[in-house]
Amino acid sequence: MSEQTPVKEAPANPPTELEKRFPGAVKRDERPGFEGHIVEVAKLHEVAAAIRDEMGYDFLSSVTAVDYYSEAPEGENFIEVVYHLYKSTGGGALVYRVQVPRDNAVVPSLVDLYPGADFQEREAWDLYGVKFEGHPDLRRILLWEGFAGHPMRKDWKEPYFEEDVKPFKNRWPEGQVYRIEDRNPVGKNVSYPQGFDPDGFQETDDPRMYESLERSSQDFIEQIDTEQVVVNLGPQHPSTHGVFRMAVRMHGETIVGLKPVMGYLHRNHEQIGERNTWTMNMPFTDRLDYLSSMSNNFGYALAVEKLIGEKAAPPERAEYIRVIMAELTRISNHLWAIGFLLNDLGAFFTPALYAIEERELILDIFEATAGSRMMCNYFRFGGVARDLPEGILPKIKDLVTDRLPRKVEELDLYLSANELVRSRGEGVGVITPEDAIAFSAAGPVLRASGVPYDVRRADPYSIYDRFKFDVTVRQHGDVYDRYMIRIDEIYQSLSILRQALKDIPEGEIMNGKNPYQVRVPAGESYGRVEGPKGELGFYIVSTGKANPHRYHVRAPSFINLTILEKMCVGQKIADVVVNLGSIDIVLGEVDR
Amino acid sequence: MTEKTVAPTVNSAGYDVPPELRQSVAITTLDKIWNMGRRYSVWPMMFGLACCAIEMICTAASRYDLARFGMEVMRPSPRQSDLMIVSGTVTKKMIPQIVRLYNQMPEPKYVMAMGACASGGGPFKEGYNVVSGVDQYIPVDVYVPGCPPTPQALLHGLMKLQEKIDRESITKVRWYQKDEIPAIPVPILGPDIIDPRDSAAIREMASRKAAPAAPAAQPEAAEAPAA
Ligand code: SF4
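In order, the protein sequences belong to chains A and B.
For the first sequence, the working numbering begins at 1 and goes up steadily by one.
For the second sequence, the working numbering begins at 593 and goes up steadily by one.
Hints may contain errors.
Taking lysine-lysine and the PhoX-like style, the derived pairs with C-alpha atoms no more than 25 Å apart in a straight line are [what the hints assert, rightly or not]: (1) B:Lys717 - B:Lys770; (2) A:Lys43 - A:Lys87; (3) B:Lys752 - B:Lys770; (4) B:Lys717 - A:Lys154; (5) A:Lys157 - B:Lys770; (6) A:Lys397 - A:Lys407; (7) B:Lys717 - A:Lys545; (8) A:Lys87 - A:Lys306; (9) B:Lys770 - A:Lys166; (10) A:Lys157 - A:Lys468; (11) B:Lys717 - A:Lys169; (12) A:Lys131 - A:Lys169; (13) A:Lys572 - A:Lys87; (14) A:Lys169 - A:Lys545; (15) A:Lys43 - A:Lys157.
Facing chain B, a subset of chain A residues (Cβ under 7 Å, in silico) [stated by the list, open to error]: (16) Arg52; (17) Ser191; (18) Gly200; (19) Glu203; (20) Pro207; (21) Glu211; (22) Val243; (23) Ala247; (24) Pro315; (25) Leu353; (26) Ile356; (27) Glu357; (28) Glu360.
These are calculated hints, taken from the structure and not from any lab test.
From the three backbone atoms N, C-alpha and C, an ideal C-beta is built for every residue, glycine too.
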């Protein structure tokens, strides 16, 4: 919650540190509610390099674009690319941004400074049409090559377009109710550019991907004079954890190149989010990382509350309930992750069955509190939707003091020392700490590489500063450590839960009434939590209207995948699924 | 037929079996015995699309136990499966693969649309990359409502499928007829998803946009400024 840039703390008008350092290239963002600096596009690369090397902001958390569009000719018409950076040693954010014209959106790429920007820049290109100059592989990432237009631009309308904001008029009783598909001549959710002829059409998606795969494995191709094989894993594959695809280029059994292909579950979360009202987005966040909906609610609630300010500060009891729910979510997510990692290791389904059994108990608690097993939709701005039901606290207490510790120990006992788990996990898919930071890896992936970075500690939010817990860290950065760190984290979560259950007070669960519509003042905010999969951030821009102007999710699963190719090259094909399993992705969050 | 029968579906063909033989002889119709074998060995495809797939896995796990219905054998290959549970949001990028998988399944094959998304687009219906219901491309046998459907709801859907199987007759089912069952044409990823079956309508629609008198509330052409 204390995300203040060091620059912002400077007294009102004298030039800030950045302005002094880069006279002329950097100016403060003066818009009300905005923070950070606007960087001259031509100087972006230079400034970014200096910020990384001199000021120590080595962790690029989020890159995203915002479209400021107005139909009036004198209105503001530009695309902004926003960068959020942190220090891997902890502390608040540094924000800078560049502004480019909409019809010529060209921005220098920062991939050479921060490899973690790779996928995020591709996403901005895909959805906003921002061209990143110098990006090694600027292809579409969520949609396919050949898709007409850049759909997140404000003047792009989807085929089922009804109105700019919700609730739609046809849902009002006095309006005429119609089915949107009846208005489309084909009766489907499709639209085509004018004069398009479907016959004789050639697909262009895959060829570009294979070209790129060949380019990245060029070194090997020249060195070794054998035939290379390309294998596609997915999108329907039992070990890709959903509809994820990897095109793998192999020399014998050794991987020489790997391109993740995603977007098979791209369900336009952000665009729908920008049409929804603020509260309407809450259930949608459930469906991001559908294994840990409570954590997603948490991140979104924090971001909006930060913008609303004091009026939406949750009362004590609500804070405790939030922490309890978030930590239970972490446990259930890690149980699932461990079970399915073991699946990938070849222990088909038995460990997963044991893990799911424990997860079910946690889901029962969610169902009792929120009404749904998976899609909890439980948090509200300024509290939680309803109080804990009677008799649930003793149940949670039983679970976290007795049953879960026992069962996790059991998993630990049977799995951690297991010969096969060790030999298939140790030394496989190693990520060095430098790489982990550079590639913006987060969560267990980062900590297993020896970087003790946990948002709960590095930049505490909610009431996490009250609890005693260790930031888990392991040193080898291999699959085995990424497995072990999840067990470690479960123990830490259990400890937080025990403390929270001891201290939870009686009282209100909402700050004021739970409103149907919230008023969010104009401005921007970036709220982040330590989700089970890593740093989950929500970047929102409000114009004071009933719905967000920009709603962006910094999805840990998505960004953690950036390093996948590097992890896998040089290893055997059988290790690919294990490497992927150890990152623990959920496609709802990868593709959004 | 007041005595206890061997199995609910057997010995109910209206034949009177002498009491001393009832323990060892069962008389039924070929349809019934054929359907009984099929209804207890539906092999679903191991294929998850989104959030609903998680509930599908939970259904298969020990608490809800799909094995009670003889359906626990999830096959990762379409060639070995009878039932495709479309468990999640169907996107335009994914639909060619889904259609391909469907075509690769051998007859008899069934499709279940699990959840709001697969049945009709669900919460994401308006999205530009979302297909509003898998039934726009492949035929669906059972729809299971919910977001996500609970495991109980999925089990209920599977029982409905069993009922549907029970009603089939070996003489009438499509896969024993003489005519070949045509494959469903695979959609193509163009400027938007292209269903080859619609190509005439698509050409029409793309040309009509030029005329100003387009039907009311026609969505605008999906052209963004070239970047
Ligand atoms: S119906 Fe709901 S739970 Fe199922 S895939 Fe769609 S959004 Fe997810």
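Quick one: which hint numbers does this structure break? Sort them smallest to largest. Hints 1, 3, 5, 9, 10, 12, 13, 15, 16, 18, 20, 21, 23, 24 not satisfied by this model.
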